[in-house]
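Asker: Line order of the protein sequences matches chains A and B. The opening residue of the first sequence carries number 1390 in this note's numbering; numbering runs sequentially from there. The opening residue of the second sequence carries number 1390 in this note's numbering; numbering runs sequentially from there.
Everything labelled a hint here was simulated from the structure, so no lab data went into it. Remember, it's a predicted structure, so these values are computed and weren't measured experimentally. A hint or two may mislead.
[Stated by the list, open to error] Computed footprint of chain B on chain A, listed as stretches where at least three residues anywhere in the stretch have a Cβ under 8 Å from a Cβ of chain B:
no., region
1, 1437 to 1446
2, 1553 to 1559
3, 1616 to 1630
4, 1699 to 1708
5, 1728 to 1740
Note that CB positions come from ideal geometry on N, CA and C, so glycine has one too.
Given next are the chains, with one letter for each unit.
Protein chains: 2
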Amino acid sequence: MTTHVRIVGAGLIGTSLGIALTGKGFRVSLEDPSPTAVRLARDLRAGEVADGHTNAPDVVVVAAPPDVAAEVVVTALDRWPGAVVSDVASVKESVLRAVLASGADANRYVGSHPMAGRERSGAAAARADLFEGRAWVVVPHESSTPAAVSCLREIALAVGSLVLVMPAHEHDEAVAAVSHVPQLAASIVAACLRDLPESAVGLAGPGLRDVTRIAASDPRLWTQILAGNASAVRDVMRLVRDQVQAVIGALDALVDADGVGALGTLSGVLEAGNLGHARIPGKHGAAPTAYEVVSVVVPDEPGALARLLGDVGNAGINLEDLHLEHGLGQAVGVAEISVVPASVEPLRSELARLGWRVHD
Amino acid sequence: MTTHVRIVGAGLIGTSLGIALTGKGFRVSLEDPSPTAVRLARDLRAGEVADGHTNAPDVVVVAAPPDVAAEVVVTALDRWPGAVVSDVASVKESVLRAVLASGADANRYVGSHPMAGRERSGAAAARADLFEGRAWVVVPHESSTPAAVSCLREIALAVGSLVLVMPAHEHDEAVAAVSHVPQLAASIVAACLRDLPESAVGLAGPGLRDVTRIAASDPRLWTQILAGNASAVRDVMRLVRDQVQAVIGALDALVDADGVGALGTLSGVLEAGNLGHARIPGKHGAAPTAYEVVSVVVPDEPGALARLLGDVGNAGINLEDLHLEHGLGQAVGVAEISVVPASVEPLRSELARLGWRVHD
Chain A
1390 MTTHVRIVGA GLIGTSLGIA LTGKGFRVSL EDPSPTAVRL ARDLRAGEVA
1440 DGHTNAPDVV VVAAPPDVAA EVVVTALDRW PGAVVSDVAS VKESVLRAVL
1490 ASGADANRYV GSHPMAGRER SGAAAARADL FEGRAWVVVP HESSTPAAVS
1540 CLREIALAVG SLVLVMPAHE HDEAVAAVSH VPQLAASIVA ACLRDLPESA
1590 VGLAGPGLRD VTRIAASDPR LWTQILAGNA SAVRDVMRLV RDQVQAVIGA
1640 LDALVDADGV GALGTLSGVL EAGNLGHARI PGKHGAAPTA YEVVSVVVPD
1690 EPGALARLLG DVGNAGINLE DLHLEHGLGQ AVGVAEISVV PASVEPLRSE
1740 LARLGWRVHD
Chain B
1390 MTTHVRIVGA GLIGTSLGIA LTGKGFRVSL EDPSPTAVRL ARDLRAGEVA
1440 DGHTNAPDVV VVAAPPDVAA EVVVTALDRW PGAVVSDVAS VKESVLRAVL
1490 ASGADANRYV GSHPMAGRER SGAAAARADL FEGRAWVVVP HESSTPAAVS
1540 CLREIALAVG SLVLVMPAHE HDEAVAAVSH VPQLAASIVA ACLRDLPESA
1590 VGLAGPGLRD VTRIAASDPR LWTQILAGNA SAVRDVMRLV RDQVQAVIGA
1640 LDALVDADGV GALGTLSGVL EAGNLGHARI PGKHGAAPTA YEVVSVVVPD
1690 EPGALARLLG DVGNAGINLE DLHLEHGLGQ AVGVAEISVV PASVEPLRSE
1740 LARLGWRVHD
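Chain A with its partners taken away, still in its complex shape (with noise of 0.2 Å):
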């Protein structure tokens, strides 16, 4: 029997989801406040448009914003006695204490956090492929049914993401590190740049692009996800903050006293960083590789890194990643392609043979 999905929410995610599951043979109902977005997603066919006819679905998922998505799972609960539901916020623990604390069949709530998003949102930058590869992490709680967890888990497993399980604790401790204190402390580093004369923001380069890139995020999402995650995300801006403050401290004692301890102080800071960054897992999911950078000069002309990187295809070289820079004023980039270190030589001599300008 084809399972019948409500989506409650038509905006990116809640379309994407329709959008997906409608192709993977699912039915899906949809709704939303506005009627204009829910049209839009019916014409992206993301789903039938839900009314008073339509029949009980047997699984809801509740595509609110963060800060409305309990009182939609709980009304949820209540309205579809035989239905599972479950919540697409990317903070949990607060949506399942609300959820918990109403009184609702609980049961039959799964929470979920598909790590998938864009920087523009609503209906129309929906996409069927945004869950494509993604982590799906499926947040059961201590009552959670197995059938209703396995039902999370089809679901997400059919639009095409890799489905991880951990409690709801345990998902914002991890996205507080991982994502919402990246993000502040993004902003907070941008937010310095303010009130800088012209010429000192000409110094920018590539370094300070890249720990700022997100600082462009919408602050009436971000709120709302930090809100929602107050209390993980202060314990890991406390921890923040003790370095803030041990790394002042040294400055203070180099500047106005005899800075005794303070190049060990600031040291250690660098070296944790290291540490910290050593721990990020490389592309695919997989442990760190030590991917190795060959650096080869671009002219700025249209086709011309086409050129360079059809001609690491034609060597059978698989390029794991690429970051093209540009300095202030160059009228030349530099494209740092990443393989494994196995092809670092002959990828260098083969470029050099091409007549191409390879960094050592």
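Chain A is already provided as a structure; the job is to place chain B on it using the hints.
Answerer: Chain B only, in chain A's frame:
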């Protein structure tokens, strides 16, 4: 008459400078406490090895580690009473102060800071084009002679750099905000990952990777840089601390109290980050341009990215930047191609026509 440049210090910067100046017809003599390093630099065509018979240089460039730069500058001023002397340390006020305090003939001293470097150090990593298209900050002080300043300017232009002139304190304040504090922030965020469970770091995405990329930098070099610019770095770190405290205060209010004002504080930090981020200049040192991103699915196989970029080039469209994204467990990548807004629609339709999966 050929200008004779003595380079003191045959590391990455000194050797690269020697190679570049030799290539432009300068006479370069080299010295370094390490006989191996100086001979390696000579073999790389960075110049002749200086000995007791080498005649006096016209210009001395001190390319020693930051913590000994001032001392080497003072020695050079005393040793060659006719020469202009400069250094390339990435902090300028502390070097200048020590030179002025030494009683040496500081009129012939002009600081400089070529904004170029690599993750690797040493003569072996040198390259002739290290300074090409990079900013070279020339840092005169009150009694620097105009002749000394134009001499440094000539060297910077000869190696292909763009010359910016600013006083030492202005330089140090600028690099504190655009380079030194971003380094600390990246290290501190990465340090928070050290003790996470494996499942938590498994949720890392491209945002974390960008924020922490430079956390892999060399702690020894960076300890010297931070200590050398302690006062200016401290000023910016205090701004960081105030914002970290404000965020923690808001999270406290949300967790422990009624949260009044908390959302406004969080949103304020995120909005300030938007504003600061918008001030970072774009490619080629130009004013920031709102490039738009076209996202295209790239199969993970040799040559696929090249084929894509070949199609972009054939469409006559100039790629302004390129970012390759791989999520956890993805078998395909997404290439994010930045182009000027007017090229978005032509590029999208051309790529779709050729069978590429282009995201909205």
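Asker: Work down the list of hints and note, for each, if the structure agrees.
Answerer: Checked hints:
1. 1437 to 1446: violated (count 0)
2. 1553 to 1559: Contact hint for the region 1553 to 1559 of chain A vs chain B: holds, 3 residues under 8 Å.
3. 1616 to 1630: With 11 residues closer than 8 Å to chain B, the region 1616 to 1630 of chain A meets the three-residue bar; holds.
4. 1699 to 1708: With 9 residues close enough to chain B, the hint holds.
5. 1728 to 1740: violated (count 0)
Checked against the numbered hints given earlier, the structure breaks hints 1, 5 and satisfies all the rest.
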